[in-house]
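Residue numbers (my numbering), protein chains in the order written: chain A, 41 to 379; chain B, 41 to 379; chain C, 41 to 379; chain D, 41 to 379.
Don't read these hints as lab results, they were simulated from the structure. Among the hints, a few may not be true.
The list makes no distinction among identical chains, and a pair is therefore deemed to hold if it is satisfied within one copy or across any two copies.
DSS-like, lysine-lysine: derived pairs with alpha carbons at most 30 Å apart [what the hints assert, rightly or not]:
no.	residue 1	residue 2
1	K83	K309
2	K334	K159
3	K203	K309
4	K159	K333
5	K159	K148
6	K338	K79
As a plain string of letters, each chain reads:
Protein chains: 4
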Amino acid sequence: MINFASDNCSGVHPQILEALEEANHNAAIAYGDDIYTEKAIKKFKPIFGDNIEVYFVYNGTAANTLAISGITNSYHAIACAETSHLNEDECGAPEKFSGCKLITLPSKDGKITIDQIEKYLFDLDFEHRSQLKVISITQPTEFGVLYSNEEVKTLADFVHKNKLYLHMDGARIANAAAALQQDFKSITRDLGVDVLSFGATKNGLMFGEAVVFFNPNLCPHFKYVRKQGMQLHSKMRYISAQFDAYLTNDLWLKNAQKANDMTRLFHSKIKDISQLSVTQKVDANAIFATLPKKIIEKLQEEFLFYLWNPLMDEVRWMTSFNTTKEEVSLFYERIKTSV
Amino acid sequence: MINFASDNCSGVHPQILEALEEANHNAAIAYGDDIYTEKAIKKFKPIFGDNIEVYFVYNGTAANTLAISGITNSYHAIACAETSHLNEDECGAPEKFSGCKLITLPSKDGKITIDQIEKYLFDLDFEHRSQLKVISITQPTEFGVLYSNEEVKTLADFVHKNKLYLHMDGARIANAAAALQQDFKSITRDLGVDVLSFGATKNGLMFGEAVVFFNPNLCPHFKYVRKQGMQLHSKMRYISAQFDAYLTNDLWLKNAQKANDMTRLFHSKIKDISQLSVTQKVDANAIFATLPKKIIEKLQEEFLFYLWNPLMDEVRWMTSFNTTKEEVSLFYERIKTSV
Amino acid sequence: MINFASDNCSGVHPQILEALEEANHNAAIAYGDDIYTEKAIKKFKPIFGDNIEVYFVYNGTAANTLAISGITNSYHAIACAETSHLNEDECGAPEKFSGCKLITLPSKDGKITIDQIEKYLFDLDFEHRSQLKVISITQPTEFGVLYSNEEVKTLADFVHKNKLYLHMDGARIANAAAALQQDFKSITRDLGVDVLSFGATKNGLMFGEAVVFFNPNLCPHFKYVRKQGMQLHSKMRYISAQFDAYLTNDLWLKNAQKANDMTRLFHSKIKDISQLSVTQKVDANAIFATLPKKIIEKLQEEFLFYLWNPLMDEVRWMTSFNTTKEEVSLFYERIKTSV
Amino acid sequence: MINFASDNCSGVHPQILEALEEANHNAAIAYGDDIYTEKAIKKFKPIFGDNIEVYFVYNGTAANTLAISGITNSYHAIACAETSHLNEDECGAPEKFSGCKLITLPSKDGKITIDQIEKYLFDLDFEHRSQLKVISITQPTEFGVLYSNEEVKTLADFVHKNKLYLHMDGARIANAAAALQQDFKSITRDLGVDVLSFGATKNGLMFGEAVVFFNPNLCPHFKYVRKQGMQLHSKMRYISAQFDAYLTNDLWLKNAQKANDMTRLFHSKIKDISQLSVTQKVDANAIFATLPKKIIEKLQEEFLFYLWNPLMDEVRWMTSFNTTKEEVSLFYERIKTSV
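Okay, chain A solo, but in the shape it has when bound (with noise of 0.2 Å):
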């Protein structure tokens, strides 16, 4: 089965694995306070700028549950599209670790805007609402669309004005800059984001994501929240291995790259089938398309991928590091002949 069902199915790269095993070498003391966390972290500083704060976690869930834990009280409210991660994938973890509440505003790609979030400010220092105090948005969002740095700029001023935090959830945050052709801090920090959910485990590593504070003050205790949140690693090390790796000679760049290119490959390719139409905008690694339903379990035989909305006969393709153009090319010759 050749997967276009997601980054999550496709391995780890062979320099990822090829760090781990580099990192297999002597002893090393647990939980962090080892030569390969501290030599990792070190490489966030170039990328992010100083007073930072790294920790990584094992996975995605944890990393927006805990970097939304750690700036929150379980009064206040945090604000995302209906269609975040956030909301829809984590089983309500963030809700039973942060007590929050979570205001879904409705989105069709992903981005949410100031005037959703506005109203909510009414409530502010009303005891009998849960007080707004985090704004989250996934870069690129779940339907792989971009928000342009001037619209994260002005949510990023909105929240500030008033007080409130920005969290981005980067799962994929290296195919939005790979796309953006910008580098991290570019498309985060300068922006006005606080905290960064920065994932790498999607684009090559095996297991393994990073908090990123760009304020040391904002939650100098996450070491707590992270040991209490069941995310803090023995064999730390190998963790930090691969992101000591990820984030050597472009790593990360290359990866996200390949996949963003295979994407835009891809999309190119199937615009001349007619029976086929995209849905959301194609700025990364993912094309949201609908297609007769009869085309989509054929298809499924050979190829793994996501029915996304069965009601729609909507369907995600997702591409990742080590797709190929053959695979590319197949799967665009099978999809023009079965329809």
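Fit chains B, C and D to the given chain A structure using the hints.
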């Protein structure tokens, strides 16, 4: 630095690394719906018998916390040794996630007994009290001491007579099995353990532990507990492949025997050092001992190990699957010449 | 100031006060093991039928939050109107205490329908989603609008077909019964409601609400939920005695009828004021209306009432058991002469 | 049945009832924005000094649980006596709501000391441990024993030196003040207590307790904690009016003195009964004593009181503001003639 600090500091066994590499081919459905996971879970059946449920999680904090959360309601209480990892080393994760009270029982060696629990049964049905529901024991204990099968069975019978559950924290269950020269089932399920935190990371894995329910009806909804608990790995195959290798050709047993043997060897050597006093029974892969503070500090320049109890100059020395005879001899020599 | 703000502002009915005085003789065992509580709970049986469980709590926040906590696990979701008290007015108590996600459905009048819920059933069994378990409706809604019996039954049948539960927030259930000219059972249990927050404070009590389970197996452990939820009153007889009086000689009904009548009267009067526009159906004891901002401000100098929606100059006027015809007439006159 | 069971069984003082009736005129804004509440809170200022924050809640479970939740994060720990109400009598509400760990210290009389706490300071900054943040003491203890001012001050100084907080459970703080012949401030704020659960229900109120912060910066967001904690009363004036009366003309003191006097009288009488052995110091309004089981059972036919410890035939006898000399004499006579 030579590691006598913890089996957590010991790295990954080569066969486990190999398994990770072998798993790194082709795509695999994420979140556990893959052939590696299917195969790994099947491996548990001949070991523990049928009618079990096996769930992989990232670490021991989660295995313990989620196992207990899965079989309790927040008004329940869990009785455990005051010195248990569950109580002392999880930064309150069990209370936070389960909402339960921990009833902490004093213990010198980490073991608890029926008579310590009995008085809490008076409170059953009295709504002012957290209702005792789970007894949690660690095998071997955090002090490297083993419960005998009779002791576990006595606890289990008592527990079931009173409609409670018995949880076993088996962070080092392989060391227990090796030391007792019995298989896993004989020292857990056969004695009446209801749910086991099946540790493996300390015995050679890179990451991953398993929660094993010995009755499928005990927590049929555990998949939600795990997901909401932030412990469902996306690229699950990389945990599964490790477990598969771990349970193949008795790798678990060889590793545990090696660790235990090195401790036994070390123990036999240090007996002749009069300034050193071993403070706990040496049943598995840990030695607790007191020795003069000056010597401790000198030894720590060359060897990694923890000052366990600074008030009484007590240290913990721990061996693991890759401790060598040479390291043991060298450490012994250094102690000998230091005193 | 004359109260058209809320039935919460209306004080305690004299017969309730009298009952409190009468209960103030001799000693009574604390925490509900007293004759007042026994008697009060017995009073619920002829009203709702046998095989029910009744628990007194302090307030409506708790009745709703604990009712829902008692029948869910933290990975569940509760669907309710976005405008429901449960979602908007409890400062996140439901999320905090139950750990559940609220799925909030848009609604103009506070009512929700099957077709809004249906799409969440796709997610059942999919561990990434909070599992829908409870539908919560408010009768009458926060906008003073009633569900018809058919509407409730349709929801209940749908709910049970899908193995969910139906919770009814009956903060003003007496006003609903009075308006529908039916008894309590006919508009709750007979239609398929599983658990009811039986409000009484807004209808003349000093403090105290009841949680009524229509199936004793639904939450047999609720006494622990209540105690851990900080809602077990020590001097319980003083809640019980109020409920006893409330359910004697139809005090509840007389109070609710009075409140409803005054709203009906008020509504009939204001119809001729053209600058005023009633925005919701007037089914119980509340009127929502828009009128010029200047007039609102002038009226608020003499009358207590809330500016409900400042964006559209919408106010809420509410009557209660002790609103008088004279107050209604006076208010009407003032509006009339102000416009 | 004559009540020696608990001050919770004693009903409401007539002046409190009167205050409730007086408050029952006109409308009053709900949720505390009323003149009764304003007045009641002002009454606390001359008693405790300026710069305090006072919040009314329903009961003692909530006063303790929310006070502690307001000044902790979930990774903190609270040290208290094993026998404290906080640990033993709240069905785990503190753990559930705060997420914190309780560190329970053995105690014969309910008092705790510095040396029991000291060892937990080693764990500060070590992320594997719940971080000790609050010491909670009960004055008088659950065994009716008083801390001396020196003892409280010693604890408070220690606590502040280590950047912790001191919480006092004052469920019967009036009995303490009366017994110590000092005002409230002298035995709380002046000694270094940071936050007080100011009990009143056991001393004559119908319902309602207060949480008093002696530093407004300690928990400026407590109004949200209270609301999310399901403890904001809608018809708040009825709690406020009680507190107003309670703090007027030393009603609190007269009530507490009466309760203490009756216990003192009772204690002086029973001294001559040799089969009876008083097991705790008698400092306030409770006596703990052992006597033959048969006699206990016989007495319970006529008098309400608790068998405290069935293992040693220990009972608790408690007096309250409305215990009479005649009741004390009668009880004494019955014991005398029973033995």
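Evaluated hints:
no.: 1; hint: K83 / K309; verdict: neither (38 Å within a copy, 45 Å between copies)
no.: 2; hint: K334 / K159; verdict: between (44 Å within a copy, 22 Å between copies)
no.: 3; hint: K203 / K309; verdict: neither (46 Å within a copy, 46 Å between copies)
no.: 4; hint: K159 / K333; verdict: between (41 Å within a copy, 19 Å between copies)
no.: 5; hint: K159 / K148; verdict: both (20 Å within a copy, 16 Å between copies)
no.: 6; hint: K338 / K79; verdict: between (49 Å within a copy, 28 Å between copies)
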